[in-house]
Amino acid sequence: AQKVTQAQTEISVVEKEDVTLDCVYETRDTTYYLFWYKQPPSGELVFLIRRNSFDEQNEISGRYSWNFQKSTSSFNFTITASQVVDSAVYFCALTPGDDMRFGAGTRLTVKP
Amino acid sequence: EAQVTQNPRYLITVTGKKLTVTCSQNMNHEYMSWYRQDPGLGLRQIYYSMNVEVTDKGDVPEGYKVSRKEKRNFPLILESPSPNQTSLYFCASSSVGPGGSYEQYFGPGTRLTVT
Numbered sequence: 157a158q159k160v161t162q163a164q165t166e167i168s169v170v171e172k173e174d175v176t177l178d179c180v181y182e183t184r185d186t187t188y189y190l191f192w193y194k195q196p197p198s199g200e201l202v203f204l205i206r207r208n209s210f211d212e213q214n215e216i217s218g219r220y221s222w223n224f225q226k227s228t229s230s231f232n233f234t235i236t237a238s239q240v241v242d243s244a245v246y247f248c249a250l251t252p253g254d255d256m257r258f259g260a261g262t263r264l265t266v267k268p
Numbered sequence: 514e515a516q517v518t519q520n521p522r523y524l525i526t527v528t529g530k531k532l533t534v535t536c537s538q539n540m541n542h543e544y545m546s547w548y549r550q551d552p553g554l555g556l557r558q559i560y561y562s563m564n565v566e567v568t569d570k571g572d573v574p575e576g577y578k579v580s581r582k583e584k585r586n587f588p589l590i591l592e593s594p595s596p597n598q599t600s601l602y603f604c605a606s607s608s609v610g611p612g613g614s615y616e617q618y619f620g621p622g623t624r625l626t627v628t
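These protein sequence lines map, in sequence, to chains A and B.
So for the first sequence, my numbering puts the first residue at 157; every next one is plus one.
So for the second sequence, my numbering puts the first residue at 514; every next one is plus one.
Hints listed in this document are in silico derivations from the structure and should not be mistaken for laboratory results.
Since this is a predicted model, take the numbers as computed values, not measurements.
Please note: incorrect hints may appear among the correct ones.
[As the list claims (entries may be wrong)] Between beta-carbon pairs, the in silico distance windows are:
1. A:K267 x B:P552: 21 to 31 angstroms
2. B:S608 x A:S168: 21 to 31 angstroms
3. A:R184 x B:G529: 32 to 42 angstroms
4. B:K578 x A:P268: 39 to 49 angstroms
5. A:F210 x B:D572: 24 to 34 angstroms
6. B:S608 x A:D174: 46 to 56 angstroms
7. B:G576 x A:A237: 40 to 50 angstroms
8. B:G576 x A:K172: 38 to 48 angstroms
9. B:S593 x A:S217: 20 to 30 angstroms
10. A:T234 x B:G529: 41 to 51 angstroms
11. A:V170 x B:E543: 38 to 48 angstroms
12. B:V565 x A:N208: 18 to 28 angstroms
13. B:M540 x A:K159: 28 to 38 angstroms
[Claimed, not checked] As a list, the in silico BS3-like pairs of lysine-lysine whose alpha-carbon atoms are at most 30 angstroms apart:
14. B:K578 x B:K530
15. B:K582 x B:K570
16. A:K159 x B:K578
17. B:K578 x A:K194
18. B:K570 x B:K584
19. A:K194 x A:K226
20. A:K194 x B:K584
21. B:K570 x A:K194
22. B:K531 x B:K582
23. A:K194 x A:K267
24. A:K172 x A:K267
25. B:K584 x B:K530
26. A:K194 x A:K172
27. A:K267 x A:K226
28. A:K159 x B:K570
29. A:K159 x A:K194
30. B:K570 x A:K226
31. B:K530 x B:K570
Note that beta-carbon positions come from the ideal geometry of N, C-alpha and C, so glycine has one too.
Build the full structure now, drawing on both the sequences and the hints.
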């Protein structure tokens, strides 16, 4: 069975703090893809990153970074020096290529 | 502009009255999918389609139907809506490569209320 767990329902930080959003997944497939999406208060879903199961290199994009650890089935997302505009719901998702499973999401609030 | 469109954006209906939510994409994507978003549950996949005339059930297909007669369109049909189908619905599309599906482009969402 495919499953994505985002244990943090809500996180609140003050601007400029670093914050890590956790994502743990379960799958029996050896080939799969992991994603992160952002849903700002306006409601649209914005793609952030896609990572395949064979690529465990961490990735950095500006203030965003992702840590993929196959040994612990985790794909965590860190925002460095958070800003108010980072306030959103963040979803982690898993797919072996056909169906897609999303986590329940983590609501991040960044206060000025 | 590359986009996924959904119509209507908002819909209030009554129990049992058949309705269709349309979804169209202009990116020539093979893969299309429908999700519902409910508080505390994230997005759950209803149906997906790998290509024309190929559809498959997602996590929560009960009470829904889909069809994929053309590559660009993927309508969601509720033949007899019930109040537990009140939700925010998203359509999405993506290209599919040899390694699997790429990032999905989402429509703006359809907020459905069934009374």
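Structure-based check of each hint:
no. : hint                                : result
1   : A:K267 x B:P552: 21 to 31 angstroms : holds, 22 angstroms
2   : B:S608 x A:S168: 21 to 31 angstroms : violated, 37 angstroms
3   : A:R184 x B:G529: 32 to 42 angstroms : holds, 40 angstroms
4   : B:K578 x A:P268: 39 to 49 angstroms : holds, 47 angstroms
5   : A:F210 x B:D572: 24 to 34 angstroms : holds, 26 angstroms
6   : B:S608 x A:D174: 46 to 56 angstroms : violated, 34 angstroms
7   : B:G576 x A:A237: 40 to 50 angstroms : holds, 45 angstroms
8   : B:G576 x A:K172: 38 to 48 angstroms : holds, 46 angstroms
9   : B:S593 x A:S217: 20 to 30 angstroms : violated, 46 angstroms
10  : A:T234 x B:G529: 41 to 51 angstroms : holds, 48 angstroms
11  : A:V170 x B:E543: 38 to 48 angstroms : holds, 44 angstroms
12  : B:V565 x A:N208: 18 to 28 angstroms : holds, 26 angstroms
13  : B:M540 x A:K159: 28 to 38 angstroms : holds, 29 angstroms
14  : B:K578 x B:K530                     : holds, 14 angstroms
15  : B:K582 x B:K570                     : holds, 17 angstroms
16  : A:K159 x B:K578                     : holds, 24 angstroms
17  : B:K578 x A:K194                     : holds, 28 angstroms
18  : B:K570 x B:K584                     : holds, 18 angstroms
19  : A:K194 x A:K226                     : holds, 23 angstroms
20  : A:K194 x B:K584                     : holds, 27 angstroms
21  : B:K570 x A:K194                     : holds, 25 angstroms
22  : B:K531 x B:K582                     : holds, 20 angstroms
23  : A:K194 x A:K267                     : holds, 18 angstroms
24  : A:K172 x A:K267                     : holds, 9 angstroms
25  : B:K584 x B:K530                     : holds, 27 angstroms
26  : A:K194 x A:K172                     : holds, 19 angstroms
27  : A:K267 x A:K226                     : violated, 33 angstroms
28  : A:K159 x B:K570                     : holds, 16 angstroms
29  : A:K159 x A:K194                     : holds, 19 angstroms
30  : B:K570 x A:K226                     : holds, 28 angstroms
31  : B:K530 x B:K570                     : holds, 23 angstroms
Checked against the numbered hints listed earlier, the structure breaks hints 2, 6, 9 and 27; every other hint is satisfied.
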